[in-house]
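Chemist: Spelled out, the chains give:
Number of protein chains: 2
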Amino acid sequence: MPAVRITLIGAGTIGLSFAALHLGTLEEAELVIYDTRPDIERYIHETLPGYFGGSSSGKDTVSSFISSGRLRIISQLDDAVRNSHIVQEQGPENVPFKQKLWPEIEKHAPPECLFWSSTSGIPASVQSVDMRSPSRLLVVHPYNPPHLMPLIEIVPSPITEARLVEETVEFWKKLGRQPVVLKKEVTGFVANRLAFALLREAVHLVNEGVVSAQELDEVVESSMGPRWAVTGPFKSYHMGGGAGGMGGLLKNIGGTIQACWDDAGMLKMGDGWEKTILQQTTEAYGDVKRDDLEKRDEMTKQVLSAKSRVRARDGSER
Amino acid sequence: MPAVRITLIGAGTIGLSFAALHLGTLEEAELVIYDTRPDIERYIHETLPGYFGGSSSGKDTVSSFISSGRLRIISQLDDAVRNSHIVQEQGPENVPFKQKLWPEIEKHAPPECLFWSSTSGIPASVQSVDMRSPSRLLVVHPYNPPHLMPLIEIVPSPITEARLVEETVEFWKKLGRQPVVLKKEVTGFVANRLAFALLREAVHLVNEGVVSAQELDEVVESSMGPRWAVTGPFKSYHMGGGAGGMGGLLKNIGGTIQACWDDAGMLKMGDGWEKTILQQTTEAYGDVKRDDLEKRDEMTKQVLSAKSRVRARDGSER
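Taken in sequence, the protein lines are chains V and R. The numbering of the first sequence is the UniProt record's numbering, which starts it at 1 and goes up by one. The numbering of the second sequence is the UniProt record's numbering, which starts it at 1 and goes up by one.
You can trust all of the hints, since none of them are fake.
It does not matter which identical chain is used: a pair holds within one copy or between any two.
Below, a list of computed lysine-lysine pairs in the DSS-like style, where the Cα atoms sit at most 30 Å apart:
#, residue 1, residue 2
1, 184, 100
2, 295, 173
3, 268, 184
4, 295, 251
5, 295, 59
6, 268, 183
7, 174, 59
8, 251, 100
9, 59, 289
10, 173, 184
11, 173, 301
12, 184, 275
13, 183, 275
14, 251, 275
15, 100, 183
16, 289, 173
17, 289, 251
18, 174, 301
19, 301, 59
20, 107, 174
21, 295, 174
22, 59, 173
23, 295, 275
24, 289, 275
25, 174, 184
Hints are computed from structural coordinates only; laboratory data are not their basis. Note that this is a predicted model, so its numbers are computed, not measured.
Here chain V stands alone, though its shape is the one from the complex (with noise of 0.2 Å):
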């Protein structure tokens, strides 16, 4: 197979975890990592290993990367895209650093490169007014960490061209995410408008004092956490609604679900219920520390690993 070669802008938090997965999953991926911070190469070999099981193995993996050219870190953005097959840009989410990145990307890129912005809410039509072929560029939003959660939101311009979505729908499938195309470019994209919408009840919930911060972690962990893992909500309702699916479902609560939208709470930021959530949340979870996140994602790569078994068992008891 030959080689996809990626250019990531940015090595942030993000970043590092798509040069995870990249390097991790496609054998074949050339990667480079772009970016201007003057300690870029210590900070790559410090931390890049994190994702490769860390200590002495991560980082002989690391080393094994660079040694044979797979990863390779650059400070010149044109030497940097010269070869690329993608672009895939992380950096500051900030619309004049992006309006001025791409243009200067596009300069350098050969033709054919797919031009990716990983931001989680300056849409492509935004970023791209300065460019010469504004049509190529599209969003690229991961759920955080990407090395770990499967979605990718795939938002293009109204102008992105078809084929180049396709392309990067393709692309993601083959490394076993999943990717979603949203037909619009709404504020915020789909997964974080779901996520700040249960969030603001669970806000009101609590600064109502119906429940702590995390007794209602712990409603959501040991209820629609794990029923959502498996079928999302529009399915998860058309199968609990007996024979009438949706309908029958809409038909025998729809009631008790206006109920509760009219009285839902309406809060906005600098309400004041700040200090509560704060308060309660740092009094539950404390400072975070790098084995509570190794925790989180240990669990929940577990939980993920057992959704594919139970999908390929069925597969193939079909």
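Since chain V is already given, all that's left is putting chain R on it; use the hints.
Modeler: Chain R only, in chain V's frame:
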């Protein structure tokens, strides 16, 4: 260990799921099922085995529960509750029905018997108005199906005796469940309010044509579902906020959160979105078959046991 004698009032889906949980988990449980449907015996012989592996082995298990006296089916209320430690009600969601039922149960049950309603919406303070001792009643609301899902929302009325709440919590902990006590009798309790808040935004995004119902499910199944199965929303955001925790997160993305809240859909029941949603869910998932539910349940079991395994291992490592 002395037998725990539990009477289930109502043998619908939730009643049978609880029956399976109690009989399958508590070796010392003696169960009475009370239901007035005329074909109750046949119905239980046909339906309950499905919770114990189905076909012949499930039938054998249920028959052995009956022949050993661990499971009795009684259609006289006074007989059904006379020797109970716990009466757990899952009858019709109908205020007059429940208000009439409890004084009747109270008349015949032992004075120390716990009274639990599995209602998803009628508070104990409303159900108990005609009881001699309304302070005996509390809501014990499961997340469906209760033989699988860990959450138990415990919702006392303002006058429910604290001692009874504690006994109830202990019982569910012993069963390996996750009881969470609500401090107020809010509309819809906590889990459904949270799920409905997300559902509202999900309906909006599908109604606006941003993604299809099935794509929305794919988003949730590959992102916040598995995430929240492991760490609830507050813990997730606290852990995702870097060194600043939840406070750092609100500072960094508070503006984006507010922008999503401002742009959120505030649809109501009957606003005309139902047709789109029903059409898309039916097209995507069709008629729900027993096999679909079994696959969902099997995957849910595997996800939950992956969590338990990691938790047990972490515990032993400490």
